[in-house]
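Following the hints, put chain R in place on chain W, whose structure we already have.
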Amino acid sequence: MKVLAAGVVPLLLVLHWKHGAGSPLPITPVNATCATRHPCHSNLMNQIKNQLTQLNSSAKALFILYYTAQGEPFPNNLDKLCSPNVTDFPPFHANGTERARLVELYRIIAYLGASLGNITRDQKVLNPSAHSLHSKLNATADVMRGLLSNVLCRLCSKYHVAHVDVAYGPDTSGKDVFQKKKLGCQLLGKYKQVIAVVAQAF
Amino acid sequence: MALFAVFQTTFLLALLPLRTYESEVLSEPLLLTPESLKVSVNSTRQRLHLQWTVHSLAYHQELKMVFQIQISRFKTSNVIWVENYRTTVKRNRVLHWSWESKLPLECAAHFIRMRSMVDDARIPKPGFWSNWSSWEEADAQNSLGHDPLLVFPKDKLVEEGSNVTICYVSRIHRDNISCYLEGVQIYGEQLDRSVSAFELKNVSFIRKRGTNVFCKVDQGGALGGIVLFVSKVLEEPKDFSCETQDLKTLTCTWDPGSDTGLSKQPSQSYTLFESFSGKKTLCKHRNWCNWQVAQDSQETYNFTLVAENYLRKRSVSILFNLTQRVHPMTPYNLFPKNVGATNATMTWKVHSIGNNSTLLCQLELLAEGKVIQQHNVSIKVNGEYLLSELEPDTEYVARVRCAYTNHFWKWSELISQKFNTAEAAPSEAPDVWRNMKMVSGHPTVSLFWKPLSKVHANGKILFYNVIVENLDKPSRLEVLSIPAPTRSTELTLDQCSYQIHVTAHNSVGPSPASVIVISGDPGNEEVESGRVNGTEDGFSVSWKPQSGDATGYVVEWCDGPQDLPCALQWKNLGPNTTSTVISSGAFRPGVRYNFRIYEISAKRMAHLLEKKAGYLEELAPSDNPQVVMSNLTSHSFTLSWKDYSTESQPGFIQGYHVYLKPKAGEQCPPAFEKTVLPEDSLCCKHTIDNPEQKTFVVENLQPESVYEFFVTAYTSVGEGPLDAFTKITTLDEYSHILIRIILPMIFCVLIVMIICYLKHQWLKEKCYPDIPDPYKSSVLSLIKSKMLLKL
Chain W
1 MKVLAAGVVP LLLVLHWKHG AGSPLPITPV NATCATRHPC HSNLMNQIKN
51 QLTQLNSSAK ALFILYYTAQ GEPFPNNLDK LCSPNVTDFP PFHANGTERA
101 RLVELYRIIA YLGASLGNIT RDQKVLNPSA HSLHSKLNAT ADVMRGLLSN
151 VLCRLCSKYH VAHVDVAYGP DTSGKDVFQK KKLGCQLLGK YKQVIAVVAQ
201 AF
Chain R
1 MALFAVFQTT FLLALLPLRT YESEVLSEPL LLTPESLKVS VNSTRQRLHL
51 QWTVHSLAYH QELKMVFQIQ ISRFKTSNVI WVENYRTTVK RNRVLHWSWE
101 SKLPLECAAH FIRMRSMVDD ARIPKPGFWS NWSSWEEADA QNSLGHDPLL
151 VFPKDKLVEE GSNVTICYVS RIHRDNISCY LEGVQIYGEQ LDRSVSAFEL
201 KNVSFIRKRG TNVFCKVDQG GALGGIVLFV SKVLEEPKDF SCETQDLKTL
251 TCTWDPGSDT GLSKQPSQSY TLFESFSGKK TLCKHRNWCN WQVAQDSQET
301 YNFTLVAENY LRKRSVSILF NLTQRVHPMT PYNLFPKNVG ATNATMTWKV
351 HSIGNNSTLL CQLELLAEGK VIQQHNVSIK VNGEYLLSEL EPDTEYVARV
401 RCAYTNHFWK WSELISQKFN TAEAAPSEAP DVWRNMKMVS GHPTVSLFWK
451 PLSKVHANGK ILFYNVIVEN LDKPSRLEVL SIPAPTRSTE LTLDQCSYQI
501 HVTAHNSVGP SPASVIVISG DPGNEEVESG RVNGTEDGFS VSWKPQSGDA
551 TGYVVEWCDG PQDLPCALQW KNLGPNTTST VISSGAFRPG VRYNFRIYEI
601 SAKRMAHLLE KKAGYLEELA PSDNPQVVMS NLTSHSFTLS WKDYSTESQP
651 GFIQGYHVYL KPKAGEQCPP AFEKTVLPED SLCCKHTIDN PEQKTFVVEN
701 LQPESVYEFF VTAYTSVGEG PLDAFTKITT LDEYSHILIR IILPMIFCVL
751 IVMIICYLKH QWLKEKCYPD IPDPYKSSVL SLIKSKMLLK L
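Those protein sequences? They're chains W and R, same order as listed. The numbering used here puts the first residue of the first sequence at 1, with every later residue one more than the last. The numbering used here puts the first residue of the second sequence at 1, with every later residue one more than the last.
In isolation and in its complexed conformation, chain W is listed as follows (with noise of 0.2 Å):
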């Protein structure tokens, strides 16, 4: 009995085991099909190109408009209050397979996503009448909402990836205003750090 206990519960455990948040997801096998809710875009890759072309091109404009609506001390203090330490944003690493850079890119988005979403529904409150800052945080929500998707699509299409685990940062909700304003303003500064580099490597 107490043998089969000892054979059986490693057993038990191993047929349970999860693997953790950031280590390779479960990938649907090479021979599985993907179903994409619609078919792919032909010439996806230039059109996430495209996309990455387009937020880059805007991400410094952005981040300009937001320090500004901010008021002092952030436009004279980059250095300290916008500084990209973003230390749980996702990883891209430029040489790696288009898979895996893909797959990166995902991740990325995903988080910016989440972050920008953040962001705009705190500056609704705190900069209402900051129009044109409102106007590029939901173009670049667009682009971003686009470019997931065309990604999704690419991984499915051609890599059979048909999820890919992501990780957001924290929700600003619960902290001070000046608080939210800075970590906006970090994730801006990282956003157009990173965008230049993710667009640069497609």
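Warning: the hint list may mix true and false statements.
[As the list claims (entries may be wrong)] Below, simulated EDC-like cross-link-like pairs (lysine to aspartate or glutamate); rule was C-alpha separation at most 16 Å, straight line:
1) K264/R / D122/W
2) K313/R / E391/R
3) K80/W / D147/R
4) K158/W / E98/W
5) K80/W / D218/R
6) K175/W / D155/R
7) K685/R / E704/R
8) K158/W / D176/W
9) K264/R / D176/W
10) K208/R / E98/W
11) K264/R / E160/R
12) K208/R / E159/R
13) K642/R / D623/R
14) K154/R / D176/W
15) K175/W / D147/R
If you are wondering where the hints come from, they were derived from the structure by calculation, not from laboratory data.
What follows is chain R alone, placed relative to chain W:
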């Protein structure tokens, strides 16, 4: 017996604790130490909450006690607050107390302890304080994060005008930390090695999205900040009032004052309470709210309006009777029916209020923006009123408003409607006048009439009828129709008398006729002429009546200068008038206006009575006479300007000035006096004070001398412009004589020569006839020739 014993024993036993208690009281002070002290922190409100109990009380005891509470900051020895808190204490009842810190609690550790004393009148004095409880720490610094520089309070919301204490906690122990508010450095006090505080007094509202207050280490390094939200002070609602339009819904309105909304705080909310029904409603709008009137017809309402935001609450109340707050809705369907020339019926409707309530409606009639009629009409639903005494062809505005008859509260809004009355026949005869002249030997009458005023026209004048009746031949009638806006016509007549009727016609009919009679006899044009003076108001013209039966007078003139075609004007006057003031915007200074005054007889004939001429304002002559010099001698010469027209000058010519410049050193001739010209040169001047005298002989001059002369006219204002002088030289005296003798002599000689030439043959024969020359004899020549032949 046994029962009594048991009862007695029980009674004695019950009394025993009291006795003990009494002996305890009398013998030892009562010390009740606070226990179970717990401190909690509310960082957002910067409050410390304390709760404790007093266990040592007896179960049934209730005592008044005083608790002395001490609060220390940074260290227990630094006591910053002491307060005595009095309350009634029961055994095991948890007591509460709280304290608000001006300094944000995150900036310092706080410590609290307390002791107690019985403070009850039932316990005889003196009381004694218990022992102090142990210091309890209130630590709000546990979860501050890892930032090297932290500023507090986070997201503080305060009212404008209040005081705020900002503090920072520095983990880097630097002295060079500066703090700023709106770019301006603020200065504070260092409380601790790593804590400084800044008191901001009387903070001002800056913006709705808050103000960044930050601290930084000078020359690089850490930076921390907060956002301070300063709200406008919530005002008490003003002008709170409720009314109903239909006794079913009450609408309450008020002036909310400033909006206290911020990023941190929504705009203030308004709630309406009604005390008699106990109901309340949250208002959706910031300055009005609806309330459904109860079906059970509650008559009296006591409303309280409460304005509230995160910081403050304000309220205002009113008490009123529902039926005394009726503000009817605006009437509708106001329109005129049966519109005539002088009356119109206005109809309108109102929204009903309650069951068959009566409304008092006020109908106003406006013309040219002014109220000319006002009528009050009581109605239930439909209103109607006849407006009369209106003017034809006139635009009016009718407007109506209504109020609740039972109890007047407010008029409803006004509803207006424009309408026009119909036309009517013109009510007055046109003002007609005539001008007579002879054209190619025929008397020609120019008829003029003035357009009727709007009041008399009663509509648009379409044409004028001119009926010419020959009084000497009544059967001959001429009818002319002249379309408006023509205001004149010309009639060629003969020597007969004519009666001319002129009527103005609009779409309804003709006006009364204006009648003038033209006599076949032109009448006497030679009448008395006079002058009139012009004033600011015009010309004051007067005349002497001639006959006693004049039915009126007409003063006629031309509005423009005489050299332009006459714009004939006239003024009709009554029979008893002998003077009038003629005004015209066309009158100009320096223009002669000729007035002709006519008397209108009973037969409607016009007879010229007088002529007057005048200037609104006389001016100096604008030009000088063209002078012709003649009869030059050695001592005189004659000047004449016969062509100079005195009537076309800008003032009445009163005379002339003759200026003479003699040769240097010579005195002025006797008729002249010395004068100085404007350019400061000396001159001689002679004045002629008769405007009709247009010649002048300048005499007593020196022969063979150069004189300069110049003639100008003058009016009451001044003389004409200074022109160039004309030079002449008087003749030599001997030359004069010589001229008187030699010229005739030469003339005679010439005559003689001519006679001699004409009669030279006769003279020759008479004075020196030819002496015959034999050699020239013809016989002799014949003989000679023969002789030669023979030879």
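To see whether the hints hold, each was checked on the structure:
At most 16 Å may separate the alpha-carbon atoms for a hinted pair to count; K264/R and D122/W meet this at roughly 11 Å. Under the criterion of a C-alpha separation no larger than 16 Å, the hint pairing K313/R with E391/R is inconsistent with the structure, at around 61 Å. In summary, the hint linking K80/W to D147/R is supported, as the alpha carbons are separated by about 12 Å, within the 16 Å threshold. At roughly 10 Å between alpha-carbon atoms, K158/W and E98/W fall within 16 Å of each other, so this suggested pair holds.
Taking the CA atoms of K80/W and D218/R, the gap is near 12 Å; set against the 16 Å cutoff, the hint holds. The suggested pairing of K175/W with D155/R holds, with an alpha-carbon distance near 10 Å, which does not exceed 16 Å. Proposed proximity of K685/R and E704/R is contradicted: the alpha carbons are some 21 Å apart, above 16 Å. Distance check on the hinted pair: K158/W and D176/W sit about 45 Å apart at the alpha-carbon level, beyond 16 Å; violated.
Straight-line distance between C-alpha atoms of K264/R and D176/W comes to about 11 Å, which keeps the hinted pair within the 16 Å bound. For the given pair, K208/R sits about 49 Å from E98/W by alpha-carbon distance, which is inconsistent with the 16 Å threshold. A hinted pair counts as satisfied when its Cα atoms are at most 16 Å apart, and K264/R with E160/R qualifies at roughly 14 Å. Only pairs whose Cα atoms come within 16 Å are accepted, and K208/R paired with E159/R is accepted, the gap being roughly 12 Å.
Restraint check: the Cα-Cα separation between K642/R and D623/R comes to about 15 Å, which is no more than 16 Å; the hinted pair holds. Between K154/R and D176/W the alpha-carbon distance is near 6 Å, which keeps this suggested pair within the 16 Å criterion. Simply put, K175/W and D147/R have alpha-carbon atoms about 14 Å apart, close enough for the 16 Å limit, and the pair holds.
In this structure, the earlier hints numbered 2, 7, 8 and 10 are contradicted, and the remaining ones agree with it.
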